[in-house]
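Asker: Line by line, the protein sequences give chains A and B. Counting from 1, position 162 in the first sequence corresponds to residue 587 in our numbering; the numbering is continuous, with no gaps. Counting from 1, position 98 in the second sequence corresponds to residue 99 in our numbering; the numbering is continuous, with no gaps.
Incorrect hints may appear among the rest.
What the hints assert, rightly or not - Rough simulated footprint, nothing fancy, chain B against chain A, three-plus residues with beta-carbon under 8 Å:
{"id": "1", "stretch": "539-552"}
{"id": "2", "stretch": "584-596"}
Unchecked claim - Which chain B residues stay away from chain A? Per the calculated CB distances, all over 12 Å, these:
{"id": "3", "residue": "Ala-73"}
{"id": "4", "residue": "Phe-114"}
{"id": "5", "residue": "Met-119"}
{"id": "6", "residue": "Ala-132"}
{"id": "7", "residue": "Ala-134"}
{"id": "8", "residue": "Ile-188"}
{"id": "9", "residue": "Glu-215"}
In short, the hints are calculated from the structure, not lab data. For glycine and all other residues, C-beta sits at the position ideal for the given N, C-alpha and C.
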Amino acid sequence: MTGTLSSQGHSFLTPGGVEIVFVLVGLAVLGAALLTVTTRQLVHAALWLVVALGGLAIEYLLLTAEFIAWVQVLIYLGSVVVLVLFGLMLTKAPIGASPDADSGNRWVALGVAVVAAATLVTLVVDAFRCTWIDLTAGGGSTRADGTMLFRYWVLPFEALSVLLLAALVGAVVISRRHREER
Amino acid sequence: MITALEALLRCVVILVVFLVLPLVIGQTEHKVMAHMQGRLGPMYAGGFHGWAQLVADGVKFAQKEDIVPADADRRIFQLAPAVALLPYLLVLVAIPVGPGGFVGQDLDAGLFFVLAVMGIGVLGSLMAGWASANKFSLLGGIRTAAQLLAYELPMLLAAASVAMAAGTVSLTGIMGAFHWWWVPWQIVGGFVFFTAGLAELQRPPFDMPVADSEIIFGAYTEYTGLRFALFLLSEYAGILVLCALTSVLFLGGWHGPLAGDLGWLWTLLKTFALAFVVIWLRVTYPRLREDQLMRFAWTVLIPLALAQLALTGIVKVVIS
Chain A
426 MTGTLSSQGH SFLTPGGVEI VFVLVGLAVL GAALLTVTTR QLVHAALWLV
476 VALGGLAIEY LLLTAEFIAW VQVLIYLGSV VVLVLFGLML TKAPIGASPD
526 ADSGNRWVAL GVAVVAAATL VTLVVDAFRC TWIDLTAGGG STRADGTMLF
576 RYWVLPFEAL SVLLLAALVG AVVISRRHRE ER
Chain B
2 MITALEALLR CVVILVVFLV LPLVIGQTEH KVMAHMQGRL GPMYAGGFHG
52 WAQLVADGVK FAQKEDIVPA DADRRIFQLA PAVALLPYLL VLVAIPVGPG
102 GFVGQDLDAG LFFVLAVMGI GVLGSLMAGW ASANKFSLLG GIRTAAQLLA
152 YELPMLLAAA SVAMAAGTVS LTGIMGAFHW WWVPWQIVGG FVFFTAGLAE
202 LQRPPFDMPV ADSEIIFGAY TEYTGLRFAL FLLSEYAGIL VLCALTSVLF
252 LGGWHGPLAG DLGWLWTLLK TFALAFVVIW LRVTYPRLRE DQLMRFAWTV
302 LIPLALAQLA LTGIVKVVIS
């Protein structure tokens, strides 16, 4: 990020308007995410996922990462959730609770989720500690992101695109073989 | 204080545009369709050539009972029309109408914003289709999703071609970089964008998600009264947004003679010319079948969009 790093002259106990909104939206995202995994109705879970992912886009906006925010909306809300809903409608998504979709592994899943969350939170808190990043408008603009991505991170970018291409070819191969077997 | 007032004024203007222009397009559709089919269309409401027909329709819809089926998922059923309609209102904020800041809000990633937010509108149809507890609605919802997944890609690729040509994803930036020879250069991309947009709006000939003669208006089967009217309004707002976007991206938006003073008029003219084409297509072509629609997307539109992208890249390298 292009903001300057310093821990001087800022108190974490006197938040400004943006920080308060950030925390409130974060709580809303957390609530929606919890509802996503606890609701007993499959399609409701997908729709709560919409709320959680949309809230994340708002968080990106509050951090001035405008480009990332719209990409989040485009990819996750516009495509991934539509794909999930499409899959649910094609299989079995009754109105009302679907008890047969309950998993016996839920306590294990909860444990894994808590451990993963604890690891990530510890990592982020330890990495940044009391660092204060001054956000300037345009710090996450398309130009800044593009410069960063294609000047410093070209190799990972290309590696990822090759990986995605491999996945695409793999998907085509798998779906073709199934047809011949029938 | 001045900026707050200005922002409020901009919001009010956009809201008025959002409420008026889709009705104008709807009324145009009534009259143009009628004349193309050798009829007169509405003639009585309001006196002069039935100009107030849609106002009367609105009053009629508002008076009808708002019914929610007993087995439906109440809250999602009631929320769906808003999810379908609001994205188009948001999109209008970012579309530049004229030169010199004649835009609701100039966004840095405006192109991404409009495409992203337009994609959300489809969630409304999906929610309606699932929550109605009706098999025709569910079929409509599934068709909507399948259609969206097929047509989102060519639309994005065509828009990316314009962004490459302009070297920016800001809509006002694209307008600033426009030259007249972009029109022939990007014409294939324009065709792909417009066609894919029609499919995303589920307009004929791509209207099998709402095919009234086979699945009884698809996801909207169970809707009555005002909520049904909101879905219809979202369809016409979608036409407005698609035509405005196509004219901004591919037809030069406010560019034209006397663009400095009459730029907004050019945008409006191009938008309505495209809206006329949308209506024309509805009268002209029969509905495509589901498999024809998918084949058209994957074997015609996506290769065309990729070819346009390659052409844009080559020309861009040659002239720079």
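Asker: All the hints need checking, so say for each whether the structure fits it.
Answerer: Hints and how they fare:
no.: 1; hint: 539-552; verdict: violated (count 0)
no.: 2; hint: 584-596; verdict: violated (count 0)
no.: 3; hint: Ala-73; verdict: 7 Å, violated
no.: 4; hint: Phe-114; verdict: 5 Å, violated
no.: 5; hint: Met-119; verdict: 8 Å, violated
no.: 6; hint: Ala-132; verdict: 7 Å, violated
no.: 7; hint: Ala-134; verdict: 5 Å, violated
no.: 8; hint: Ile-188; verdict: 25 Å, holds
no.: 9; hint: Glu-215; verdict: 18 Å, holds
Of the numbered hints given earlier, the model fails hints 1, 2, 3, 4, 5, 6 and 7; all others are met.
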